[in-house]
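Engineer: Based on the sequences and whatever the hints tell you, model everything.
Chain by chain, the residues:
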Amino acid sequence: MNRIKRARTVQTVAVAITGAAAAFIIAAALFLFVYIVVRGAPAISWEFLTDVPRKQMKEGGILPAIVGTLALTLGTAAFALPIGVAAGIYLSEYAPRGRSTRLIRLAISNMAGVPSIVYGLFGLALFVILLDLGKSILAGALTLACLTLPVIITATEEALRQIPSDLRQASLALGATRWRTIYRIVLPAAAPGIVTGSILGLSRAAGETAPILFTAAVYYKRQMPDSVFADVMVLPYHIFILATQVTGRPDDIIWGTALVLVGGVTAISVAAATWRSIQRRKVRW
Amino acid sequence: MVTAQSHAGKGSFDLHDVSVTYGSETAIAGVSMHIEPNAVTALIGPSGCGKSTLLRCLNRMNDELGNAKVAGRILLDGVDVYDKEYDPVELRTKVGQVFQKPNPFPMTIYDNVAYGPRTQGIRKRSDLDALVERSLTRAALWGEVKKDLKKHAFELSGGQQQRVCIARALATEPEVLLMDEPASSLDPISTQQIEDTIAELKEYVTIVIVTHNMQQAARISDKTAFMLRESMEEPAFLVEVGETRTMFTNPGDKRTEAYITGRFG
Ligand SMILES: Nc1ncnc2c1ncn2[C@@H]1O[C@H](COP(=O)(O)OP(=O)(O)O)[C@@H](O)[C@H]1O
Ligand SMILES: [Mg+2]
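From first to last, the protein sequence lines stand for chains A and B.
Numbering follows our numbering, with no gaps: position 190 of the first sequence is 190.
Numbering follows our numbering, with no gaps: position 84 of the second sequence is 1084.
Please keep in mind that the hints were generated in silico from the structure rather than gathered at the bench.
These numbers were taken from a predicted model, which means no experiment stands behind them.
Every residue gets a Cβ at the ideal spot worked out from N, C-alpha and C, and that includes glycine.
The reader is advised that the hints may include incorrect statements.
To be verified - Cβ pair distances, simulated, as ranges:
# : chain 1 : residue 1 : chain 2 : residue 2 : range
1 : A       : S277      : B       : D1127     : 36 to 46 Å
2 : A       : P82       : B       : A1039     : 18 to 28 Å
3 : B       : D1196     : A       : R276      : 52 to 62 Å
4 : B       : E1025     : A       : A107      : 29 to 39 Å
Structural biologist: This is the structure:
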């Protein structure tokens, strides 16, 4: 009797602790989001989104930084998605179980642990200087792609692993090659997971400052980029500059910029999650 | 137009001293047998005696496991299917398989059945339509789904899903159909339907079916092969193969008799 009573108390305490942790996370996320919205909303206007910064960046808008961040993120996706998904496919579907594969996996998880400023240095050395791309969208996108690759590879591998091997067997037994099995059966079924994971990785990239500090970002530039070799303003770096380099910190604009960044990233994540849940309803096992 | 092929007299297998090794463990050894065309051959034996392993030799699905090595000779209508020149992908269009658990693709019924033909490059809508209808008819499912071909296969019951899988395997017009305990996860009514289907199918294909159900083997098969693994240290082997009626009424081997009368397994 006593033992059961004690077990029940322990159970109650466990529920309370885990529940409190969950509540704390929700509260923190909510607070963060609400705070950014409350502080940033006053700055948001049509002009803010479509004008260039004026008066030592204390007025005007942030269009160049929006465009710069968009360009960098699209560029990152262009490099990281095909390479990351292909590598994930290789690791999940083709790689022989053995030393060399374990080594590749180890390398990937180490890549994910490298601080982003180190990616910045690496990008500076390899893309900006050695490949002579200069400080440019291209160099920045390549640097961010390196940073994002581990996330996309891992997401792809995980998503492919979720697909029951029954389906692969069925396809192979019908006289389909491995590759046909992958692209007709396995990839479509894994697409929701791959997309969600990749968007998460790209969202992170969009908000990074350190990797683009030496490879793409400039302090101030009114002109829109005219090629991939142009350097650009970007949202996170703009926030940093406004907060540290501009006299009389323009709080409105700082939080407004943060809101644009967070809002854009959130909108894309929500769109991906919605698409995924629609797919889920169609495909289940 | 795709014409209905009937492969009559085709789809016979000859196995000579076949053995399969997984890593360092030899699962089956010394299996030699003839598999008759347009007949139902049942593989029976206690669980773990290598029935699935032997079945997977016939369409070279063992190749896909990565750790299985097959030795010996396996001839399909006199042609060595383990020859270096022989493409397993081509073999599998002639030797189809239905698995233990229904495993339809996450797509419509139509697309499931059309998957094999499309893989072979058949694109014409009317050809595909004809193949889908014929395959579903042979799998005894056409009447139930002809109005719902665009329905997602996952919306069907387990028994219907398994018959979609049978139709899908039939759509490549194989000479041989391998079935690995195709009814073991199904309810008695679905099992009955699958058994009825099998009886009709042997007109078109050679059938090799694994079952652990003695009554089922006795009901549906013409030939029965009994496999046994006497200890984990030794590989499994083929005890005997013969007419099902003889095997069940007057088996040649004491161990067969013991197994059939339920003394072990
Ligand atoms: N993929 C595999 N890898 C290693 N061993 C296997 C594999 N498949 C089957 N085996 C082994 O081979 C033996 C026969 O298995 P199986 O062919 O599945 O028997 P059955 O279908 O008669 O139950 C078992 O000992 C099993 O552990
Ligand atoms: Mg088995």
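Engineer: State for each hint whether it applies.
Structural biologist: Structure-based check of all given hints:
The given range of 36 to 46 Å is respected by S277 (chain A) and D1127 (chain B), whose C-beta atoms sit roughly 37 Å from each other. As the Cβ distance of P82 (chain A) to A1039 (chain B) is approximately 51 Å, the hint placing it in 18 to 28 Å is violated. For D1196 (chain B) paired with R276 (chain A), a C-beta distance near 42 Å fails the hint of 52 to 62 Å. A hinted range of 29 to 39 Å holds for the C-beta pair E1025 (chain B) and A107 (chain A), which are about 33 Å apart.
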